[in-house]
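Protein sequence lines, in the order shown, are assigned to chains A and B.
For the first sequence, the residue numbers in this note's numbering are 1 to 510.
For the second sequence, the residue numbers in this note's numbering are 1 to 510.
In short, the hints are calculated from the structure, not lab data.
Any given hint could be a false lead.
[Unchecked claim] Calculated pairs, DSS-like style, for lysine-lysine (alpha carbon to alpha carbon, straight line, at most 25 angstroms):
1. B/Lys-298 / A/Lys-458
2. A/Lys-461 / B/Lys-66
3. A/Lys-66 / B/Lys-288
4. B/Lys-230 / A/Lys-461
5. B/Lys-369 / B/Lys-323
6. A/Lys-28 / B/Lys-458
7. A/Lys-66 / B/Lys-461
8. B/Lys-66 / A/Lys-28
9. B/Lys-458 / A/Lys-458
10. B/Lys-461 / A/Lys-28
11. B/Lys-66 / A/Lys-458
12. A/Lys-306 / A/Lys-174
13. A/Lys-66 / B/Lys-323
14. B/Lys-298 / B/Lys-230
15. B/Lys-458 / A/Lys-461
16. B/Lys-346 / B/Lys-323
17. A/Lys-66 / B/Lys-230
18. A/Lys-458 / B/Lys-28
Number of protein chains: 2
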Amino acid sequence: MDDTSRDEGINTIRILVVTDCHLGYMEKDEVRRHDSFQASEEICSIAEKNQAKFVLLGGDLFHRNKPSRATLVKAIEILRRYCLNDQLVQFQVVSDQTVNFANLFGHVNYEDPHFNVGLPVFSIHGNHDDPAGVDNLSAVDILSACNLVNYFGKMDLGGSGVGQIAVHPILIRKGLTSVALYGLGNIRDERLNRMFQTPHAVQWMRPEAREGCQVSDWFNILVLHQNRVKTNPKNAINEHFLPRFLDFIVWGHEHECLVDPQEVPGMGFHITQPGSSVATSLIESESKQKHLLLLEIKGNQYRPTKIPLNSVRPFEYTEVVLKDEPDIDPNDHSSILEHLDKVVKKLIERSSQKANNGSSVKLPLVRVKVDYSGFMTINPQRFGQKYVGKVANPQDILIFSKSSKKFGKEAKFDDSERLRPEELNQQNIEALVAESNLKMEVLPVSDLDVALHNFVNKDEKMAFYSCVQYNLEGTRSKIACDSDLVKFEEDDIILKVGECLEVRIFNSFT
Amino acid sequence: MDDTSRDEGINTIRILVVTDCHLGYMEKDEVRRHDSFQASEEICSIAEKNQAKFVLLGGDLFHRNKPSRATLVKAIEILRRYCLNDQLVQFQVVSDQTVNFANLFGHVNYEDPHFNVGLPVFSIHGNHDDPAGVDNLSAVDILSACNLVNYFGKMDLGGSGVGQIAVHPILIRKGLTSVALYGLGNIRDERLNRMFQTPHAVQWMRPEAREGCQVSDWFNILVLHQNRVKTNPKNAINEHFLPRFLDFIVWGHEHECLVDPQEVPGMGFHITQPGSSVATSLIESESKQKHLLLLEIKGNQYRPTKIPLNSVRPFEYTEVVLKDEPDIDPNDHSSILEHLDKVVKKLIERSSQKANNGSSVKLPLVRVKVDYSGFMTINPQRFGQKYVGKVANPQDILIFSKSSKKFGKEAKFDDSERLRPEELNQQNIEALVAESNLKMEVLPVSDLDVALHNFVNKDEKMAFYSCVQYNLEGTRSKIACDSDLVKFEEDDIILKVGECLEVRIFNSFT
Numbered sequence: 001m002d003d004t005s006r007d008e009g010i011n012t013i014r015i016l017v018v019t020d021c022h023l024g025y026m027e028k029d030e031v032r033r034h035d036s037f038q039a040s041e042e043i044c045s046i047a048e049k050n051q052a053k054f055v056l057l058g059g060d061l062f063h064r065n066k067p068s069r070a071t072l073v074k075a076i077e078i079l080r081r082y083c084l085n086d087q088l089v090q091f092q093v094v095s096d097q098t099v100n101f102a103n104l105f106g107h108v109n110y111e112d113p114h115f116n117v118g119l120p121v122f123s124i125h126g127n128h129d130d131p132a133g134v135d136n137l138s139a140v141d142i143l144s145a146c147n148l149v150n151y152f153g154k155m156d157l158g159g160s161g162v163g164q165i166a167v168h169p170i171l172i173r174k175g176l177t178s179v180a181l182y183g184l185g186n187i188r189d190e191r192l193n194r195m196f197q198t199p200h201a202v203q204w205m206r207p208e209a210r211e212g213c214q215v216s217d218w219f220n221i222l223v224l225h226q227n228r229v230k231t232n233p234k235n236a237i238n239e240h241f242l243p244r245f246l247d248f249i250v251w252g253h254e255h256e257c258l259v260d261p262q263e264v265p266g267m268g269f270h271i272t273q274p275g276s277s278v279a280t281s282l283i284e285s286e287s288k289q290k291h292l293l294l295l296e297i298k299g300n301q302y303r304p305t306k307i308p309l310n311s312v313r314p315f316e317y318t319e320v321v322l323k324d325e326p327d328i329d330p331n332d333h334s335s336i337l338e339h340l341d342k343v344v345k346k347l348i349e350r351s352s353q354k355a356n357n358g359s360s361v362k363l364p365l366v367r368v369k370v371d372y373s374g375f376m377t378i379n380p381q382r383f384g385q386k387y388v389g390k391v392a393n394p395q396d397i398l399i400f401s402k403s404s405k406k407f408g409k410e411a412k413f414d415d416s417e418r419l420r421p422e423e424l425n426q427q428n429i430e431a432l433v434a435e436s437n438l439k440m441e442v443l444p445v446s447d448l449d450v451a452l453h454n455f456v457n458k459d460e461k462m463a464f465y466s467c468v469q470y471n472l473e474g475t476r477s478k479i480a481c482d483s484d485l486v487k488f489e490e491d492d493i494i495l496k497v498g499e500c501l502e503v504r505i506f507n508s509f510t
Numbered sequence: 001m002d003d004t005s006r007d008e009g010i011n012t013i014r015i016l017v018v019t020d021c022h023l024g025y026m027e028k029d030e031v032r033r034h035d036s037f038q039a040s041e042e043i044c045s046i047a048e049k050n051q052a053k054f055v056l057l058g059g060d061l062f063h064r065n066k067p068s069r070a071t072l073v074k075a076i077e078i079l080r081r082y083c084l085n086d087q088l089v090q091f092q093v094v095s096d097q098t099v100n101f102a103n104l105f106g107h108v109n110y111e112d113p114h115f116n117v118g119l120p121v122f123s124i125h126g127n128h129d130d131p132a133g134v135d136n137l138s139a140v141d142i143l144s145a146c147n148l149v150n151y152f153g154k155m156d157l158g159g160s161g162v163g164q165i166a167v168h169p170i171l172i173r174k175g176l177t178s179v180a181l182y183g184l185g186n187i188r189d190e191r192l193n194r195m196f197q198t199p200h201a202v203q204w205m206r207p208e209a210r211e212g213c214q215v216s217d218w219f220n221i222l223v224l225h226q227n228r229v230k231t232n233p234k235n236a237i238n239e240h241f242l243p244r245f246l247d248f249i250v251w252g253h254e255h256e257c258l259v260d261p262q263e264v265p266g267m268g269f270h271i272t273q274p275g276s277s278v279a280t281s282l283i284e285s286e287s288k289q290k291h292l293l294l295l296e297i298k299g300n301q302y303r304p305t306k307i308p309l310n311s312v313r314p315f316e317y318t319e320v321v322l323k324d325e326p327d328i329d330p331n332d333h334s335s336i337l338e339h340l341d342k343v344v345k346k347l348i349e350r351s352s353q354k355a356n357n358g359s360s361v362k363l364p365l366v367r368v369k370v371d372y373s374g375f376m377t378i379n380p381q382r383f384g385q386k387y388v389g390k391v392a393n394p395q396d397i398l399i400f401s402k403s404s405k406k407f408g409k410e411a412k413f414d415d416s417e418r419l420r421p422e423e424l425n426q427q428n429i430e431a432l433v434a435e436s437n438l439k440m441e442v443l444p445v446s447d448l449d450v451a452l453h454n455f456v457n458k459d460e461k462m463a464f465y466s467c468v469q470y471n472l473e474g475t476r477s478k479i480a481c482d483s484d485l486v487k488f489e490e491d492d493i494i495l496k497v498g499e500c501l502e503v504r505i506f507n508s509f510t
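Extracted from the complex, chain A is given alone in its bound form:
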């Protein structure tokens, strides 16, 4: 190393940026159970090889809110093997660490005298591993207690209402370079959306100017884990909500790899969206090559380098519109099967050709989206039987769609929506209410949505009970209070109850 590069090294912070590892995804599938762990192993070895100073995770390190013992043990093993070593950590955290890291120990992991941390990992939580329960703990808190991960960006949202949060950056110094790292662990999109539109609800804490160091000397990074795709603007975070002082944004949650930093016009910052390291939806955008981002920061400048992930299971995707295929006879079931067989074989072949170039010998994931308008559907399980041992997902190679309005945009949106893995369809309650022709008189549908989500995704057994209690009490106290002011007839109570509901819906949505 000559003097120039050594000088460069002293002032350069090299960060490996990764998101959505979904450890434990498909852990019960015989073929795919190791995928998420192998990708994470590769990520760690890439960090090592590229001498990253630290790893920055954008949430959803775990696939499940309550990871299995096996997943926890494997996660700990990987982190322990790669993060504990004799490497010297060459940067300092100069902010108030007790504010940044809200665990019992209150310091960055490599400063703990009883651990040999050589590769620090900083992580926010995602929607899959978000804090829950009485103690508001995330699975990431377990890794934080073990001193293997620096968990940050956990906000105290308080009770109901819009609430207020203050985002305190981790201030990192290396030589002449100063990085302010802001983290915002996943918050329900509707809620965060509302907060961003409420004055002063989100406070961005800026480092103070000090002697010989101006506020503008800080390179400001934000890592967040939210919907970015705007099918429903209320249910996603608009990039223009974010403050202009930011320089660089790491967007977690969206699984499509759009790792090259994109400029947001008029905002002055760039966004990288590394995407997941394991495909959790068999859709086109997850079939693209997965990458990580190596981000080198020196002063106010940065250099992004994308690094391919090679351990990812190959995934081939295509779409077929049955009525456009000349070799298919709508009255001949076997001609459909034959055609689809050809398509699948071609995909497998394509995958094995790629494999010859690389080193991967994994069974590929294969997905054919079949527009079957005007045709009978076929049984995907039976179709897949002959591909057992040839593809990783014989049971769901085929997926059928009927809407044939496939003119670009609309279909794309349809797919992008499905990018978020195993999310609960929160329209369910609304649909159920509409279907059953119910008139909701006390409970707002939105509250039931939240309760259903918490009940299913977070095992909060009291979710519905709390939801009912909260709304009953709200209604009761409002009516009691009103009846103190103006006397009204008992018959009016139903009317009053309705009014209360409207007020609560209004309060929660505006």
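On the provided structure of chain A, position chain B as indicated by the hints.
What follows is chain B alone, placed relative to chain A:
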């Protein structure tokens, strides 16, 4: 320290012996949620104060097979705070550590160069935190992966049948003292019982004699976690099953504190039963003062010192036989209430007097066992309401029993049985089968018992499926095999199926 005591120190191994901490017990109870953690904190600080060289745990460190995030985090925090420090570990593990510690790292935790372990903890699993699932992992494996606990005594039992196990000791040396530490994590009592009665099924591996060191120089300790109380001898481990070369036995699982080593006549070893550090059953034997054992070993000699646990919640117990009380009128409900009130008040008073001596200010646990033969029962919840804020368990102060044959022994046994917390009553399936007048033709009741246990206690969703599959396949292959040898009529198949069942029951019980 003078020369003699220093000399003593060099050759003395000081071990703090603890069992059944049941971390997370009552974690959702507003009053008692911290009890198990506070006891464990005290245990660790006792280890520190007494300069124990290591802590030996006899199983059931966790109360639940799948501890909550909060319990895991608290357990990790306690261990991290007390076990990681700058103390020098002054003993060596000279056995094959990859055999002793079956995790990925395969060494005793204080030898890991990336951790500063000053107080090693060695633990077997109990029946509450036993290994389960495809990967056969215990909650203790999580602590082992974190390098906070040296988990040993996990046996590979193989599939069905009696099986065979080899118990490899951890060989510990300190100066001239050599300890062979044998660990036997909990195995279902019926199974272990059978193994002990099958020649060569349990192999005790002895250290080899080496130059200047005879086999007899080793001080042999066994730690196990099994039923000891012999209501049903098939369902407990007889002390006489254990090999005579052992010097000292740590018996986990039984919650009554019988910490003073008891000699087993004719066997040449002593047994300590430290009991739980938190009362999980409100029975007389758990109301006694809880203790730990400090075991100092020098050569072939040992000195046991019992140390009281002071953080344990006070617990007062008494029994009342209503018909023996002169101030109660069977026809006057309020006279019963008044009498019981007096009894409870007296217990609370007794507890607060003890508290004045010590430092405890915790609300006491209070339990009155009421023999109500010839009387109407009363509602324990309603009775307890006035004791909210005065006792820790207002909802279950009273427990009613009817059998009035209370002449010592029998009643004692009844209680001892209930010492094992939240165990599944395995008679359920048998009762169910008998009640429903079912004739079991393929499935042995004992297999269904095991399946039920695994389904409920270990969340093994496939437990019943596997049980059915195993027995179906066994039956099928036996019949197929038999019909190859001797041709028989189709009508005989039902007979054959019955024979198969009998053979399997015979094999599993003898």
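Here is how each hint holds up against the structure:
1. Pair hint B/Lys-298 plus A/Lys-458 does not hold up; C-alpha atoms about 52 angstroms apart against a cutoff of 25 angstroms.
2. Between the alpha carbons of A/Lys-461 and B/Lys-66 the distance comes to roughly 16 angstroms, so the proposed pair stays at or under 25 angstroms and holds.
3. A distance of roughly 37 angstroms separates the Cα atoms of A/Lys-66 and B/Lys-288; the hinted pair therefore is violated under the 25 angstroms criterion.
4. Straight-line distance between C-alpha atoms of B/Lys-230 and A/Lys-461 comes to about 39 angstroms, which puts the hinted pair past the 25 angstroms bound.
5. Restraint check: the Cα-Cα separation between B/Lys-369 and B/Lys-323 comes to about 14 angstroms, which is no more than 25 angstroms; the hinted pair holds.
6. Proximity of A/Lys-28 to B/Lys-458 is assessed by CA-CA distance (about 16 angstroms); at most 25 angstroms being required, the pair is judged to hold.
7. Using a Cα cut-off of 25 angstroms, the hinted pair A/Lys-66 and B/Lys-461 holds, with the two alpha carbons roughly 16 angstroms apart.
8. Distance hint between B/Lys-66 and A/Lys-28 is fulfilled; the C-alpha atoms sit about 17 angstroms from each other, no more than 25 angstroms.
9. Note on B/Lys-458 and A/Lys-458: the hinted pairing holds, with a Cα-Cα distance of about 20 angstroms set against a maximum of 25 angstroms.
10. Pair hint B/Lys-461 plus A/Lys-28 holds up; C-alpha atoms about 12 angstroms apart against a cutoff of 25 angstroms.
11. Straight-line distance between C-alpha atoms of B/Lys-66 and A/Lys-458 comes to about 15 angstroms, which keeps the hinted pair within the 25 angstroms bound.
12. At roughly 23 angstroms between alpha-carbon atoms, A/Lys-306 and A/Lys-174 fall within 25 angstroms of each other, so this suggested pair holds.
13. With a C-alpha separation of about 52 angstroms, the suggested pair A/Lys-66 and B/Lys-323 falls outside the 25 angstroms cut-off, and the hint is violated.
14. With a C-alpha separation of about 34 angstroms, the suggested pairing of B/Lys-298 with B/Lys-230 is violated against the 25 angstroms cut-off.
15. With a C-alpha separation of about 19 angstroms, the suggested pairing of B/Lys-458 with A/Lys-461 holds against the 25 angstroms cut-off.
16. A threshold of 25 angstroms between alpha carbons decides the hint, and for B/Lys-346 with B/Lys-323 the separation of about 20 angstroms falls inside it, so the pair holds.
17. Restraint check for A/Lys-66 and B/Lys-230: the C-alpha separation of about 39 angstroms exceeds 25 angstroms, so the hint is violated.
18. With a C-alpha separation of about 16 angstroms, the suggested pairing of A/Lys-458 with B/Lys-28 holds against the 25 angstroms cut-off.
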